[in-house]
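A.B. asks: With the hints as constraints, model all of the structure from the sequences given.
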Amino acid sequence: MFQLTNEQDYERVRNRYIPEIIEGDMDSIRPEVKRFYSSQGSQISDKSHNQETTDLHKCISRIHRSTSDHEKTNLCVLVTGALGGRFDHEAANINILYLFSDMRIVLLSDDCLIRLLPKTHKHDIYIESSVEGPHCGLFPVGAPSGSTTTTGLKWNLSEAKMRFGSMISTSNIVHAEKVTVQSDADLLWTISLRNLT
Amino acid sequence: MAPTPPVRPVMSHSSAFLLPSPPSSSAAPDGDGDAYALLVLNQRLPRFAPLLWDRARVRVCADGGANRLFDDMPELLPGQDPDEVRRRYKPDVIKGDLDSIRPEVKEYYSNMGTQIVDESHDQDTTDLHKCITFVTEKLAIPNRSNLCILVLGALGGRFDHEMGNINVLHLFPTNRIILLSDDCLIFLLPRTHTHNIHIESIEGPHCGLIPIGAPSTTTTTTGLRWNLGKPPTSSIQYQQQLVLNLQILSPDDTSMSFGGLISTSNIVEEESVTINSDSDLIWTISLRHHS
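In the order they appear, the protein sequences are chains A and B. Residues 208 to 404 (our numbering) make up the first sequence, in order. Residues 65 to 355 (our numbering) make up the second sequence, in order.
No lab work stands behind these hints: they were computed from the structure. A few of these clues could be false.
From the structure, some residues in chain A lie toward chain B, with a derived Cβ separation under 8 Å [unchecked claim]:
#1 Gly291
#2 Gly292
#3 Asn302
#4 Gly344
#5 Phe371
#6 Ser378
#7 Ser399
Label-pair restraints from in silico Cβ distances [to be verified]:
#8 B/Thr189 / A/Leu282: 34 to 44 Å
#9 A/Glu239 / B/Ile331: 23 to 33 Å
#10 B/His185 / A/Lys385: 27 to 37 Å
#11 A/Ala383 / B/Ser85: 51 to 61 Å
#12 B/Ser85 / A/Ile236: 35 to 45 Å
#13 A/Lys329 / B/Ser174: 44 to 54 Å
Heads up, the beta-carbon is just placed ideally off N, CA and C, and yes, glycines get one too.
C.D. replies: Below you can see the structure in the form of structure tokens.
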């Protein structure tokens, strides 16, 4: 975190960014890091006995359990570090979006963000063009789509079929302030993030 | 007695090309006679790029991949003169939109004899797709049936690029195409075949099987810590499993889908992994890091 700020005093930066909870297997966290945050008040939630689920699954489960249905509509879970790296980890993290499709979860990297558009809803995506775009895409990960319709893209889809092994929407461009998507399949939406230098 | 499954042709896989010694000396089934093509896409080169370059018979950069080659190869060979490295690691072809390649990089390789192929008129296919078409159709390669296309820079970065690259694996299911990063490699296991994956020392133990395009109702594996599918039907093998106290999966532990079970963080336990599925699957395995 210190490297991402312009501050001089690394201790001050570290002390300012304290997580409420550290959760998971605890097989990657360095002992001195665990000691530091524990001493700063972070709750250490050791779930190493549970080998059935990934670290992200454990974290999302915790949030899911402690959030009422009403609160869930206003809650958006932002996740960093879920993309790239080991491909099986990335796939498992994407699967979390499907397993917890009643929650808004956004996976972010330096280059882009992704979110699930469940087939149960029509989607209005408001584009923040100062920070995202123009490159975007829609992917029928998990199952093909027999009919997808969009507005607001350079190459819109009109009751189009999409599946891996045939057509999927990559390197599309957002062309309006609002993009709408309606599909008979769960789709992954992705949009590039602008380089804010 | 359970009905025997239909007999499918066997497809063998091996990552022997990542071994420091030449592939023909490895024990892998298809170690002899494989011809490698190397494609470089627009991301930082992984640490083993020089090794794969030396293995390949033909090397193609997709647009901005040429920038990465120019910038990163000297860094991967720090003991050597950068100009000498650039001269030695010169691609045969640079192909694609040519909207990412820096002008000075394009000029440098063009002057050295690299063929520059401008495909900016074709906006329907991705850079990787264009390169695969080029390698499979236009290049005169002996042992074409043993052609294996190694791709660097196809994973990570912009997610729509990654998805487009994974779609290329599905669009060319009969070609051997392997996407590699510093952390792992992935390739397609088409449903038309039974797959035999020989596990090399430089890969593993973490692996996974992912049904990206469509769910799988029946997948059977051997050689993994958590295998999928029914236990062996032979009663002798079944008895052996009971004696060894292996987990016996229920007949339902065989279907995979997003929103349900997918096989991730699995572990390779044997030298050879076999996979049979009614759906195209992506196989992934981690690559070991040297200290």
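A.B. asks: All the hints need checking, so say for each whether the structure fits it.
C.D. replies: Hints and how they fare:
1. Gly291: 4 Å, holds
2. Gly292: 5 Å, holds
3. Asn302: 5 Å, holds
4. Gly344: 3 Å, holds
5. Phe371: 3 Å, holds
6. Ser378: Holds - the Cβ of A/Ser378 comes within 8 Å of chain B, reaching about 6 Å at its closest.
7. Ser399: 6 Å, holds
8. B/Thr189 / A/Leu282: 34 to 44 Å: At 40 Å between Cβs, range holds.
9. A/Glu239 / B/Ile331: 23 to 33 Å: At 29 Å between Cβs, range holds.
10. B/His185 / A/Lys385: 27 to 37 Å: 32 Å, holds
11. A/Ala383 / B/Ser85: 51 to 61 Å: 56 Å, holds
12. B/Ser85 / A/Ile236: 35 to 45 Å: 38 Å, holds
13. A/Lys329 / B/Ser174: 44 to 54 Å: Holds: the Cβ-Cβ distance is about 50 Å, inside 44 to 54 Å.
The structure agrees with every numbered hint stated previously.
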